[in-house]
Amino acid sequence: MRARIPGVDAAARSDLAVLLPSRARDRAPGRPGDLAFSRWLGSTAPWRLVLVVALVAAWPFAAAAQSGFTMGHAFEALWRWLPFLVTKGFAMNVVISFLTMAIGTAGGVVLGLWQVSPSAAARRVAWALTQAFRNSPWLVLLFIVMLTFPFQVEVGSTVIFIPDWTKAVFGLSLPVMANLSEVVRGAVQSVPTGQWEAAESLAFSRRQILWRIVLPQCFKRMVPPWMNWYAILTMATPLVSLLGVEELVTLSRQAMEAEDNHPELLVPFFGFALVIFFAYCYPIARWTIALERRFAVKL
Amino acid sequence: MSSREATMNGPDWDPSQPIVSIRDVYKSFGELEVLRGVSFEVMKGEVVCIIGPSGSGKSTLIRCVNALNSIDSGSIRVEGQEVHDPDLDKLELRRKVGMVFQQYNLFPHKTAIENVMMAPVLVLKEPKGEVEARARALIRKVRLEGKEDSFPGELSGGQQQRVAIARSLAMRPDIMLFDEITAALDPETVKEVLVTIRELAEEGMTCILVTHEMGFARELANHIYFTDRGVIVEHGPPATFFTEAKDPRTREFLSQIL
Ligand SMILES: Nc1ncnc2c1ncn2[C@@H]1O[C@H](COP(=O)(O)OP(=O)(O)O)[C@@H](O)[C@H]1O
Ligand SMILES: [Mg+2]
Chain A
1 MRARIPGVDA AARSDLAVLL PSRARDRAPG RPGDLAFSRW LGSTAPWRLV LVVALVAAWP
61 FAAAAQSGFT MGHAFEALWR WLPFLVTKGF AMNVVISFLT MAIGTAGGVV LGLWQVSPSA
121 AARRVAWALT QAFRNSPWLV LLFIVMLTFP FQVEVGSTVI FIPDWTKAVF GLSLPVMANL
181 SEVVRGAVQS VPTGQWEAAE SLAFSRRQIL WRIVLPQCFK RMVPPWMNWY AILTMATPLV
241 SLLGVEELVT LSRQAMEAED NHPELLVPFF GFALVIFFAY CYPIARWTIA LERRFAVKL
Chain B
300 MSSREATMNG PDWDPSQPIV SIRDVYKSFG ELEVLRGVSF EVMKGEVVCI IGPSGSGKST
360 LIRCVNALNS IDSGSIRVEG QEVHDPDLDK LELRRKVGMV FQQYNLFPHK TAIENVMMAP
420 VLVLKEPKGE VEARARALIR KVRLEGKEDS FPGELSGGQQ QRVAIARSLA MRPDIMLFDE
480 ITAALDPETV KEVLVTIREL AEEGMTCILV THEMGFAREL ANHIYFTDRG VIVEHGPPAT
540 FFTEAKDPRT REFLSQIL
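Line by line, the protein sequences give chains A and B.
Under the working numbering, think of the first position of the first sequence as 1, with each following residue one higher.
Under the working numbering, think of the first position of the second sequence as 300, with each following residue one higher.
Quick caveat, the hints were computed from the structure, so don't treat them as lab data.
Possibly wrong hints are sitting among the right ones.
To be verified - Think about it this way: if two alpha-carbon atoms lie no more than 20 Å apart in a straight line, the pair counts; the simulated EDC-like pairs of lysine to aspartate or glutamate are:
#: 1; chain 1: B; residue 1: 395; chain 2: A; residue 2: 197
#: 2; chain 1: B; residue 1: 446; chain 2: B; residue 2: 413
#: 3; chain 1: A; residue 1: 88; chain 2: A; residue 2: 257
#: 4; chain 1: B; residue 1: 409; chain 2: A; residue 2: 257
#: 5; chain 1: B; residue 1: 389; chain 2: A; residue 2: 197
#: 6; chain 1: B; residue 1: 343; chain 2: B; residue 2: 391
Said to hold, decoys possible - Label pairs and their computed distance ranges (CB to CB):
#: 7; chain 1: B; residue 1: 336; chain 2: A; residue 2: 6; range: 39 to 47 Å
#: 8; chain 1: A; residue 1: 128; chain 2: B; residue 2: 336; range: 53 to 61 Å
#: 9; chain 1: A; residue 1: 49; chain 2: B; residue 2: 369; range: 56 to 64 Å
#: 10; chain 1: B; residue 1: 547; chain 2: A; residue 2: 36; range: 53 to 61 Å
#: 11; chain 1: A; residue 1: 207; chain 2: B; residue 2: 482; range: 28 to 36 Å
#: 12; chain 1: A; residue 1: 207; chain 2: B; residue 2: 340; range: 34 to 42 Å
#: 13; chain 1: A; residue 1: 49; chain 2: B; residue 2: 482; range: 51 to 59 Å
Quick reminder that beta carbons are idealized off the backbone N, C-alpha and C, glycines included.
Please build the complete structure, drawing on both the sequences and the hints.
Printed below as a string of structure tokens:
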């Protein structure tokens, strides 16, 4: 079948379709299959996490008995560092996730709309960029951005330093952008072509059709996968600690160092990181699933 | 032939000339030849019905009239303007030609009245108040008073189809194309829609209908065309078309459908 509405009713050319031929349609971004992460996280009962932390915490007690530094001391240390870890550490993860999401969303919308552009050249470029950033390990993208971007730029006589964390935001926003590009493309293509034809026969321009008819209909469909990607992104923000950006994990390690690196510190400090990420992302996952269900009923 | 002149005149089309003139149109989708030399003319105010087996190219043909499909060769002129012209202003053409589809294709996120008002407001840039008054009148005309604020999902098929007709009429087209608009409806609701079409035809609207409603075609059409595999096999006014069909394909089709 030849494309009637250029870019819109063309078959999806996704790498995943090769792996999942029978369910390719369900797996198209913007469809239910795409929310695997939220579904997994949202279906975890919070008490299980508590159980895991408790079990792991119980294990070093025997070892701790010999040295003078007990688990009690370790939790005490965590208590002391807690305000710092939250306000300087986790807050940074949240800031990074917000900024990354903002840039990634803006880029993803542009790239996604290019993927359904009437111009074949624009479609090809957008498709290539989307696939490239979607199928690269996030950490590799981060390293490339960190290492190839300058530390500072000189504008005339003034030198502007580019802090590491802004580079990290940029590096993380690339894969987010590519994945959201697929969400936008999938959503636009999920609107029946009859809508395009009806609007065309009423003399709407392509731009008007997209903004007045198609996007308003698929906006709701984009929200759950968008939130799903936000949760995935937030979980991925500790990656930037590998590049020395000061966020929760970096600061936890620094705090443990300041407490003489007792092995007993590992469980409380990283356990706390687990708990706070879980506490932040779990409600988002539940909310994502609830929205998905509600929109599925309505549309 | 006098229609050569019409080409020259373009926008200054003379209403004594055919309002739609289709000449020797060919169209393929890849290897598949869907239209193989179709020609016919429609005068202003005429009602023309196109019948024929499914897959014979009826939809493709009328979709070429408002440039939803392009053609490979031949000529289609609407009010003297060549549709098969790369420089054609498609939007200008589509303001003159309304189209109603089998699947209604109402905008599901807009109410009935918003569906009707959208194109005049956004495309023709007419003042909202004026458009609203016209839209209300159109909704009354298709007998849907009281349903102005219903969403398409809350309306029956026949009601949706009548909103779709009102939506097209709101653009004040010169020509209306109908592509099997009753084919998806229950037999009882078909009537409601046909009543609306009849009124339109009686008001002098030029209508090109693809339909299987033979009773309707017999009563209202000025001319009936029977297509099969991309060609017009037989045509004539209803008085003779139904009784004097000569081609065996036409007879077989009619015997199946009547
Ligand atoms: N966009 C398209 N791409 C490829 N083939 C098409 C397309 N539209 C229609 N066709 C084919 O053209 C033939 C005629 O279709 P159509 O005009 O819809 O017939 P009808 O309306 O008489 O049933 C069919 O075989 C159909 O599959
Ligand atoms: Mg058809």
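So, going through the hints one by one against the coordinates:
Note on residue 395 of chain B and residue 197 of chain A: the hinted pairing holds, with a Cα-Cα distance of about 16 Å set against a maximum of 20 Å. Restraint check for residue 446 of chain B and residue 413 of chain B: the C-alpha separation of about 11 Å stays at or below 20 Å, so the hint holds. Taking the CA atoms of residue 88 of chain A and residue 257 of chain A, the gap is about 17 Å. The hint holds against a cut of 20 Å. At most 20 Å may separate the alpha-carbon atoms for a hinted pair to count; residue 409 of chain B and residue 257 of chain A exceed this at roughly 61 Å.
Proximity of residue 389 of chain B to residue 197 of chain A is assessed by CA-CA distance (about 13 Å); at most 20 Å being required, the pair is judged to hold. For the suggested pair residue 343 of chain B and residue 391 of chain B, the alpha carbons sit about 19 Å apart, so the restraint of at most 20 Å is met. Our hint of 39 to 47 Å for residue 336 of chain B and residue 6 of chain A is violated, since their Cβ atoms are close to 28 Å apart. Distance hint check: the CB atoms of residue 128 of chain A and residue 336 of chain B are about 43 Å apart, inconsistent with the given range 53 to 61 Å.
Between residue 49 of chain A and residue 369 of chain B the Cβ separation comes to about 60 Å, which falls inside the hinted range of 56 to 64 Å. Range check, residue 547 of chain B to residue 36 of chain A: Cβ separation about 59 Å, and the 53 to 61 Å hint holds. At roughly 32 Å, the beta-carbon separation of residue 207 of chain A and residue 482 of chain B lies within the given 28 to 36 Å, and the hint holds. Checked against the hint of 34 to 42 Å, the pair residue 207 of chain A and residue 340 of chain B passes, with Cβ atoms roughly 35 Å apart.
For residue 49 of chain A and residue 482 of chain B, the hinted distance range of 51 to 59 Å is satisfied, since their beta carbons lie about 57 Å from each other.
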